[in-house]
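Chains as they are written, first to last, in my numbering: chain B, 2 to 311; chain V, 48 to 487; chain F, 2 to 284.
If you are wondering where the hints come from, they were derived from the structure by calculation, not from laboratory data.
Possibly wrong hints are sitting among the right ones.
[Stated by the list, open to error] Listed next, the stretches of chain V that the computed footprint assigns to chain F, with coverage defined by at least 3 CB atoms under 8 Å from CB atoms of chain F:
{"no.": "1", "stretch": "112-125"}
{"no.": "2", "stretch": "130-137"}
{"no.": "3", "stretch": "142-154"}
[To be verified] For each label pair, taking beta carbons as the anchor points, the in silico distance ranges come out as:
{"no.": "4", "chain 1": "B", "residue 1": "V300", "chain 2": "V", "residue 2": "G263", "range": "50 to 56 Å"}
{"no.": "5", "chain 1": "V", "residue 1": "T278", "chain 2": "B", "residue 2": "W78", "range": "24 to 30 Å"}
{"no.": "6", "chain 1": "B", "residue 1": "A211", "chain 2": "F", "residue 2": "I261", "range": "18 to 24 Å"}
The model shown is predicted, which means the values in this text are computed figures rather than measured ones.
Where a beta carbon is used, it is the ideal one built from N, C-alpha and C, also for glycine.
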Amino acid sequence: MAVTAVSGVAEGRRPIPRLRKLEDERWLAMVLLFPTALLLGLFIAYPFFEGVVLSLTNQRVGVPGHFVGLDNFVKVWNDSIFRTTVWNTFWYTGITTVFKLALGLWLAMLLNRHFKGKALVRAFILLPFIIPTVLSTFAWKWMFDPTFSVINWTLFQLGFITQRINWLGDPDLAMTSIIVVNIWRGVPFFAISLLAGLQTISPELNEAAAIDGARPWNRFWYVTWPLLLPVTMVVMLFSVIQTFADFQLVYVMTGGGPANATHLFATYAYQLGIGTGLLSEGAAISLAMFPFLFLIVVVQLLYIRRVETR
Amino acid sequence: MNTKRRSVIKLAGSAAAVASTGMAGILASGRTPAFAQQKTVHWLKWVDFVPATDQMFSKEMMPAAEKALGIKIKLETVNGNDLQPRITSAIQSGAGPDLIMSFNSYTHLYSNSVVDLSDLAEDVGKREGGLYKYARAICSDGKMFMGMPWAVIGGMIAYRKSWLAEVGATSFPDTWETYREVAKKMKAKGRPFGQTLGHTFGDAPGFTYPYLWSWGGKEVEADGKTVVLNTKATVDSVKFMTALWKEGMDEGGLAWDDTNNNRAFLSQTISATLNGASIYIESLRKPDQYKTEKGAPLNTDILHAPLPKGPAGQFGFHLLQSNMLMKYSKNQDAAKEFLKYLHTEANYRKFFESQKGFATPCTAKWESDKLWDVDPVMTPYKVAAKLGQAPGFAGPPNAKAQEGLSKYIITDMYAKAVQGMPAEDSVKWAESELKKIYSA
Amino acid sequence: MIEGALWRKWVFYNIPLILFVFVLLFPFYWMIITTFRPDGELYRPWNASNYMPFWTNNPTFEHIQYLFEETNFARWMFNTMFIAVVSTIISLFCGVLAGYALARLNFPYAGSLGTVIFVTYLVPQTLLFIPLAQIIRNFELGDTPWSLILTYPTFLIPFCTWLMMGYFKAIPKELEECARIDGASRWKAMLYIVIPVAVPGILSSGIIAFTLSWNEFIYALVFLSSPDQKTVPVGVTSELIRGDVFFWGPLMAGALLGSIPVAIVYSFFVEHYVSGLTGSVKG
Chain B
2 MAVTAVSGVA EGRRPIPRLR KLEDERWLAM VLLFPTALLL GLFIAYPFFE GVVLSLTNQR
62 VGVPGHFVGL DNFVKVWNDS IFRTTVWNTF WYTGITTVFK LALGLWLAML LNRHFKGKAL
122 VRAFILLPFI IPTVLSTFAW KWMFDPTFSV INWTLFQLGF ITQRINWLGD PDLAMTSIIV
182 VNIWRGVPFF AISLLAGLQT ISPELNEAAA IDGARPWNRF WYVTWPLLLP VTMVVMLFSV
242 IQTFADFQLV YVMTGGGPAN ATHLFATYAY QLGIGTGLLS EGAAISLAMF PFLFLIVVVQ
302 LLYIRRVETR
Chain V
48 MNTKRRSVIK LAGSAAAVAS TGMAGILASG RTPAFAQQKT VHWLKWVDFV PATDQMFSKE
108 MMPAAEKALG IKIKLETVNG NDLQPRITSA IQSGAGPDLI MSFNSYTHLY SNSVVDLSDL
168 AEDVGKREGG LYKYARAICS DGKMFMGMPW AVIGGMIAYR KSWLAEVGAT SFPDTWETYR
228 EVAKKMKAKG RPFGQTLGHT FGDAPGFTYP YLWSWGGKEV EADGKTVVLN TKATVDSVKF
288 MTALWKEGMD EGGLAWDDTN NNRAFLSQTI SATLNGASIY IESLRKPDQY KTEKGAPLNT
348 DILHAPLPKG PAGQFGFHLL QSNMLMKYSK NQDAAKEFLK YLHTEANYRK FFESQKGFAT
408 PCTAKWESDK LWDVDPVMTP YKVAAKLGQA PGFAGPPNAK AQEGLSKYII TDMYAKAVQG
468 MPAEDSVKWA ESELKKIYSA
Chain F
2 MIEGALWRKW VFYNIPLILF VFVLLFPFYW MIITTFRPDG ELYRPWNASN YMPFWTNNPT
62 FEHIQYLFEE TNFARWMFNT MFIAVVSTII SLFCGVLAGY ALARLNFPYA GSLGTVIFVT
122 YLVPQTLLFI PLAQIIRNFE LGDTPWSLIL TYPTFLIPFC TWLMMGYFKA IPKELEECAR
182 IDGASRWKAM LYIVIPVAVP GILSSGIIAF TLSWNEFIYA LVFLSSPDQK TVPVGVTSEL
242 IRGDVFFWGP LMAGALLGSI PVAIVYSFFV EHYVSGLTGS VKG
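Bound-form chain B, shown alone:
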């Protein structure tokens, strides 16, 4: 590329260099964005489109099938397991997000001081988030095992229980168990991100409020929280998407059971599509995630924008 001496100062030039600059930038932008566009187009846009088409057919594994319109969606809507799945996913996402936020915030505030070993602690507590979900979930599954649970052992030794707690066999407890593991995994992410947010808040603000006589809770609610909101919203956005579309955790812990009590969209789509081979129905369930996700994302984005422009 020729060296173009372009700068705002040399104005008296012919318009051609500026034109070249414009083309230059557009051309450069296209070149720079090309690899990204190629990969994303090929492996996100194209499969998304294919997925929509697939969900409108009655394809099964090995059987191409034909177009059936919205039949799959109707079938899925009438499926009581699907309805349980929808409820499960919303409940799972809602509860875990609330707790992750609360506990993450608490932990962030605990870390927002100076103490010996702070860097070490900060590094260590991110481990649950770093380690591959599947592997750490296995540790939990072993801890919840019906016969060999170490948690049961501890509670038994402390005299809290006499009957074994059926962590993974009772439908409500199973849901509680996966919620616990999800919270365990997500709290560090919330904590570290919120900590960064907290650290940008100048301590003088809080001090000023204290001098004015505000009590701790009010200080938090009226000073800290609004300043923390932008960061919180973004963190929640990421977290909600991941949790709503979660697969690994449930697959390893319960496989969707007992009796479908912990099935989420992703695990049910997998069971139906890949397990039983009913590809089109599986695709329909996967796609059913999209409107909900889209809605959640739009709402949160709007909220973020409102908060930021306040």
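Place chains V and F on chain B using the hints.
Same frame as chain B, now just chains V and F:
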């Protein structure tokens, strides 16, 4: 562009930088590099519940087969529950194992994606005294053999002789009423019966289907189309199960997979469970690890019995295993040769004997084999293949029956009731689910 | 009242902190202990007496041995590493370029393109895996590491782009303009001035991408088949949960050893990871 990539790589400091330039070429061509090919046959089977068999396969038979047939053999084992997803992924991605073990009527589900094995099946059947009806119904749809029948895993109740004797049961209860009474007494002593009602491929259907049939319930009529699940017999069976569960069973069973009952029995927290013979065989394998509370080896206290009778008779659903040769395979001839090799009498016998009666062959001549007399505890298993009845009863064990099985409808019917749903409702639910399948 | 303050400090700060750290780290301790406990000690029911779950006096390597001898664990580690490294490189490459373009260049639709890239991040893998399997088959990539190397960037690139955008925006424009005045082309300015300054950002993106790649599961589960092609999460899940025989020892060993590479890489770049994570959230 190349300059850009290389400097980014340098920046990222990755050790794979050297490899990546070679890969750049591959990426550009968009094809995977072709490696030198020796004929390889990839056989995917379940992890055998008798570890000795898998050991025998990988350490002796596979090397012997490789030498005899001049091919390379890749033996892969996965958890039984993962077989079906693997089959789907393989067919969907057009690549995977050449031979895949299938359970029950998977053969019907994947009939479009497998190679016809009639010649091998008929051949072996003729040689070995005839193929059992059960195996034929499951592996063939009348036009082709979708799978080569391999073996039947019989399911019997394994129980603790001495414990049952303590509550006055000198033999295993043979009706559901007496089963319930004994279970109640055992649970009161902290030693309930144990059964899974979870989504498992083996123990759950192995219990729930014959249970349903023994009460007179069934999924469809013989025409294979009319769903008749919602009958008084079925509802009664569900009500009985709910009571039985609370009174006599280990309630953790809702979360169990196919291995939990084994572990529970071997760590002596339950007194009886339906299972293949793996519990007994495992206790034989490690007599020092498994001892009764009196110090005797556990295996001396274990006996087997068939499932109890119900008002409509006594039934058993035994898992049928077959091997499918996949259409996408690029080594079909070699795979077929390998399959033939496995079924030669000498080799199949090696398999049969390593199983010690855990697996029952699908042809008649093995029923009178002397292996069954070696250990009287195992003798009940020899008729598993002859007497088995398949899901989809009273219709044929075809793709629709398999779909019902894969969706755990019957098992869930009982699981839901046990968790509090009224019996009538759970039966209605199950029937509507079945109707959706059979009317499609 | 110094005593009072100390009491407060303990109750309100130190004890909760200790509790948090304990709960967050206990499962890893459990993983480690289980890996080294012999089978005989491992399988004691929860209400058995004479059971000391938190320590063992007979540590053993038999589970790790089993892991390496009876499964392709070493191969899985290699596969996962290879896939993670190459996907990270590809994603960084695309992400840096795209981030620069979106942050620095003026061209029509810049804003909306940024949004589009962000939106693709919201299309989870669990939505795409079924149709994607078919596409992988059409490209004949099934059961090869390339099926993952080419698809992982789909969720790594948006993240990297976003992160790099933030870093690029923070680099003062003057830096580039000086270079341009001195005669460098836009291209060279980007290459030799801006990017080197953004190295911390690149490192951060790289680390996060690396850990995200190790964490992926469903694509690996569906696209890979042969035992020697599997990644660690898939291998551990499918080949260590077996029939009726107890395998929790090797399973925890696999989980432990599988976590170590990520933990090590992370430990070298903690600062970058944290700043990357928080940067993405603030930006």
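Right, here's what the structure says about each hint:
1. 112-125: holds (count 4)
2. 130-137: With 4 residues closer than 8 Å to chain F, the stretch 130-137 of chain V meets the three-residue bar; holds.
3. 142-154: holds (count 3)
4. B:V300 - V:G263: 50 to 56 Å: At roughly 54 Å between Cβ atoms, G263 (chain V) and V300 (chain B) fall inside 50 to 56 Å, so the hint holds.
5. V:T278 - B:W78: 24 to 30 Å: 28 Å, holds
6. B:A211 - F:I261: 18 to 24 Å: Cβ of A211 (chain B) to Cβ of I261 (chain F): about 46 Å, so the range 18 to 24 Å is violated.
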